[in-house]
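> Sequence:
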Amino acid sequence: MQEKWLKVWDDLKPFSTAGKDDKRPRKYVLDMFPYPSGDLHMGHAEAYALGDVIARYWRLQGFNVLHPIGWDSFGLPAENAAIKRGVDPREWTYDNIAQQRDSMRRYAASFDWDRVLHTSDPEYYKWNQWLFLQLYKKGLAYRKDSWVNWDPVDQTVLANEQVLPDGTSERSGALVVKKKLTQWYFRITAYADRLLDDLNQLEGSWPSKVISMQRNWIGRSTGADVDFAVEGRDEKITVYTTRPDTLFGATFMVVAPDSDLAAELVAGADDAEVQAAFAKYLTRVQQSSEIERLTVDREKTGVFTGRYAINPVNGARLPIWAADYVLSDYGQGAIMAVPAHDQRDLDFARAFDLPVRVVIDTTQPVTGAIRIIPEDGTLPELDDMNPAITGNALTGEGRLINSGAFDGLSKVNAISKIIAWLGEQGIGRAAKNYRLRDWLISRQRYWGTPIPILYDEDGNEIPVPEDQLPIELPPTEGLDLKPKGTSPLGGATDWVNTISPIDGSPVRRDTDTMDTFVDSSWYFLRFLNPHDDTRAFDPREVDKWAPVDQYVGGVTHAILHLLYARFITKVLFDLGFVNFTEPFSALLNQGMVQMDGAAMSKSKGNLIRLSDQLDVFGVDAIRLTMAFAGPPEDDIDWKDVSPAGSLKFLGRALRVAQDVTSAPEVLWKNGDIALRRQTHRFLADAPGLIEAFKFNVVVARMMELVNAIRKTIDSGSGPADAAVREAAEVVAVALGLFSPYTAEEMWETLGYPPSVALQSWRKPDPTLLVEESVTAVIQVDGKVRARLEVSPKIDADELEEKARDLDAIKRSVGDRQVVNVIVRAPRLVNIATKP
Numbered sequence: 001m002q003e004k005w006l007k008v009w010d011d012l013k014p015f016s017t018a019g020k021d022d023k024r025p026r027k028y029v030l031d032m033f034p035y036p037s038g039d040l041h042m043g044h045a046e047a048y049a050l051g052d053v054i055a056r057y058w059r060l061q062g063f064n065v066l067h068p069i070g071w072d073s074f075g076l077p078a079e080n081a082a083i084k085r086g087v088d089p090r091e092w093t094y095d096n097i098a099q100q101r102d103s104m105r106r107y108a109a110s111f112d113w114d115r116v117l118h119t120s121d122p123e124y125y126k127w128n129q130w131l132f133l134q135l136y137k138k139g140l141a142y143r144k145d146s147w148v149n150w151d152p153v154d155q156t157v158l159a160n161e162q163v164l165p166d167g168t169s170e171r172s173g174a175l176v177v178k179k180k181l182t183q184w185y186f187r188i189t190a191y192a193d194r195l196l197d198d199l200n201q202l203e204g205s206w207p208s209k210v211i212s213m214q215r216n217w218i219g220r221s222t223g224a225d226v227d228f229a230v231e232g233r234d235e236k237i238t239v240y241t242t243r244p245d246t247l248f249g250a251t252f253m254v255v256a257p258d259s260d261l262a263a264e265l266v267a268g269a270d271d272a273e274v275q276a277a278f279a280k281y282l283t284r285v286q287q288s289s290e291i292e293r294l295t296v297d298r299e300k301t302g303v304f305t306g307r308y309a310i311n312p313v314n315g316a317r318l319p320i321w322a323a324d325y326v327l328s329d330y331g332q333g334a335i336m337a338v339p340a341h342d343q344r345d346l347d348f349a350r351a352f353d354l355p356v357r358v359v360i361d362t363t364q365p366v367t368g369a370i371r372i373i374p375e376d377g378t379l380p381e382l383d384d385m386n387p388a389i390t391g392n393a394l395t396g397e398g399r400l401i402n403s404g405a406f407d408g409l410s411k412v413n414a415i416s417k418i419i420a421w422l423g424e425q426g427i428g429r430a431a432k433n434y435r436l437r438d439w440l441i442s443r444q445r446y447w448g449t450p451i452p453i454l455y456d457e458d459g460n461e462i463p464v465p466e467d468q469l470p471i472e473l474p475p476t477e478g479l480d481l482k483p484k485g486t487s488p489l490g491g492a493t494d495w496v497n498t499i500s501p502i503d504g505s506p507v508r509r510d511t512d513t514m515d516t517f518v519d520s521s522w523y524f525l526r527f528l529n530p531h532d533d534t535r536a537f538d539p540r541e542v543d544k545w546a547p548v549d550q551y552v553g554g555v556t557h558a559i560l561h562l563l564y565a566r567f568i569t570k571v572l573f574d575l576g577f578v579n580f581t582e583p584f585s586a587l588l589n590q591g592m593v594q595m596d597g598a599a600m601s602k603s604k605g606n607l608i609r610l611s612d613q614l615d616v617f618g619v620d621a622i623r624l625t626m627a628f629a630g631p632p633e634d635d636i637d638w639k640d641v642s643p644a645g646s647l648k649f650l651g652r653a654l655r656v657a658q659d660v661t662s663a664p665e666v667l668w669k670n671g672d673i674a675l676r677r678q679t680h681r682f683l684a685d686a687p688g689l690i691e692a693f694k695f696n697v698v699v700a701r702m703m704e705l706v707n708a709i710r711k712t713i714d715s716g717s718g719p720a721d722a723a724v725r726e727a728a729e730v731v732a733v734a735l736g737l738f739s740p741y742t743a744e745e746m747w748e749t750l751g752y753p754p755s756v757a758l759q760s761w762r763k764p765d766p767t768l769l770v771e772e773s774v775t776a777v778i779q780v781d782g783k784v785r786a787r788l789e790v791s792p793k794i795d796a797d798e799l800e801e802k803a804r805d806l807d808a809i810k811r812s813v814g815d816r817q818v819v820n821v822i823v824r825a826p827r828l829v830n831i832a833t834k835p
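Position one of the sequence shown corresponds to residue 1 (the UniProt record's numbering), numbered consecutively onward.
If you're looking for bench data, these hints aren't it; they were derived computationally from the structure. Every clue listed holds true.
The calculated label-pair distances, taken between Cβ atoms and stated as ranges, are: (1) Glu235 to His531: 46 to 56 Å; (2) His531 to Tyr455: 25 to 35 Å; (3) Phe573 to Arg215: 18 to 28 Å; (4) Tyr455 to Glu273: 32 to 42 Å; (5) Ile822 to Ser205: 39 to 49 Å; (6) Pro207 to Asp765: 30 to 40 Å; (7) Arg540 to Lys711: 49 to 59 Å; (8) Pro766 to Pro664: 23 to 33 Å.
Derived DMTMM-like pairs (lysine to aspartate or glutamate); straight-line CA-CA distance at most 25 Å: (9) Lys432 to Asp197; (10) Lys694 to Asp640; (11) Lys209 to Glu633; (12) Lys711 to Glu789; (13) Lys180 to Asp458; (14) Lys432 to Glu582.
In this text, a Cβ means the ideal position worked out from N, Cα and C, and glycines have one as well.
All chains, please: the whole structure from these sequences, using the hints.
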């Protein structure tokens, strides 16, 4: 059956959209494209089964559906695998693509095979380079010296988003360390507010979990920038704080030891002992991950920089310390420390015997009369709560004390008034801060998109002219691809050293390659014209198809890929290339396929190979099992599902079609009325269930319908009944969403030419949806004692009377006293008796 229908589909090309003058309304359904790391696995089987249900459903609803596929084929795994095997990354990558393509064809997803792309093809990454140049011209691509996340195994930098919560690399699993390099960045922080605020557009169409994760990652906070003068330094230090109401409680300052500011302050101290202690401490800090540094209960460490700042609100002299619990990319890498009201600051102050000054009276309510504060600024009640003694910071609400003219104000009032006052004094201003940092795109590896920048002898940047793109990767012959901290491309001297396109002078190429998340940030647009060598995408095709109507993929990409794609889309909107600001109108996240409650892996001995499952049960049974296993977002444990059961059902469905003896032209209205009612109820309910992603419920209802057909054939009016044919045809069309081989076979058996996927979803007959009778359940003391067929319009009194008249109910009640009767017309009567 498989080879038969694959050949038919190859000839028919039922899902091709290229070059067709199709006036139907359009839908763009997209699955996150795969990485060619080997053959398809169980996760692929679930994702592509679910995405295909959606694409096939919209075709049945009369839409022209674009459902493309390609490969995210650059990146470290391919390069590392090639190094291990001693082959060219190209060979390993494209061999895997060929294997996956054959498996996808077998899996029968309704892809448009005329639109395939590979991100490692020069015809694709040429437009990565073009995109880079657009951002460069807009000031959104820049190069700077900075501390970066370094993967010591893969010997390359990582974006913040690629460091896992435990401080390890999502690539190699190694503990990430810091290293100072000159790198390329995309200025995603320039779009932080829009990325955050535009999430409101996606409420209800994206999973709430993903929206929350993006909001938390962007991490906008409001507060104030406050300028602190530094003794012996002309330039002030600007500190961002969300708590300007605690300014009067600042007793020292902390700078990130790995920041340029810390190095400058220590150098200016002109104290050899201080400088030596700082250098030793900095080496120690560089061997720690950010996760370790931010651990709350970790012992506080630090060194004095030998410098002092001046608190602008009260003139207090604040010693400046370097400590690892402050990160260099937070503001300017410096904080004001208020130990009485911040636990980390308090722990540090107690460790180094620094002063603690209480400025919020947390014993005083924020409403009602204001407490009279003694002239010395102390309160007896607070002496018993002194953070310097108890070790517990006062973080609750209260009123300001020891804060000059702001004494007595509540926290909320104090923040706004102090920010205004800072502005009036010229020492501060309202400000926002973000957790989000600019996107680091440089990678010190070979298998990626070359960065289209040249450098002259003085190090000046020269963007490659667009008409000279693509800058293709050189051959690997003679290159050492093993990770060593610098890009392997540096060894391709004939490629690195070239001629300036401007004046013919000697120049050198940038030897880093781009983060592969650049490739996937805009690939949905390239699918619209993947083989056009004159432009990245055709604006007319963009207007027709984009944005993506339904995106399907794993929640693991909630921050990285989805955030970057949203950013690039907004940039392209600002540049006038697209007319929308969000790339994916709706998002479906599928769960994981596990075994025995854990992710599948060879090391755990619980790996289930998709190829083995397909050989045993066939494609249709596996696809149906994935849809029937439960809600798409839930994880599937393979030991709890039954592909064998799915296979048996498919056999029953096919036999139903084979048993039909009526002709296609038979008048359905003459068929069994009960079966027709069930068929049309299915036709009415299934669309809403599919659009709500309740695929498992649709499969269950389809199974019930097949059972009803079989019952009519075997014990009703037989296989010639018009209702049997009608129901069998409806099953064939619906089954095409899940199990296309069996559906096509059923459709052909029923006397129709292929393809069932190109049929229309039949409209239910409204007259068949009206219930002539319903089954009322009659209970006595909560136990079912009888059932009664009644009109759906019956009122409560009549239903109760009919229920009491039933012999079964009279026997069940007997001589006991009826104390209560609950009637829920037309479905339920419950008679409660006294024992």
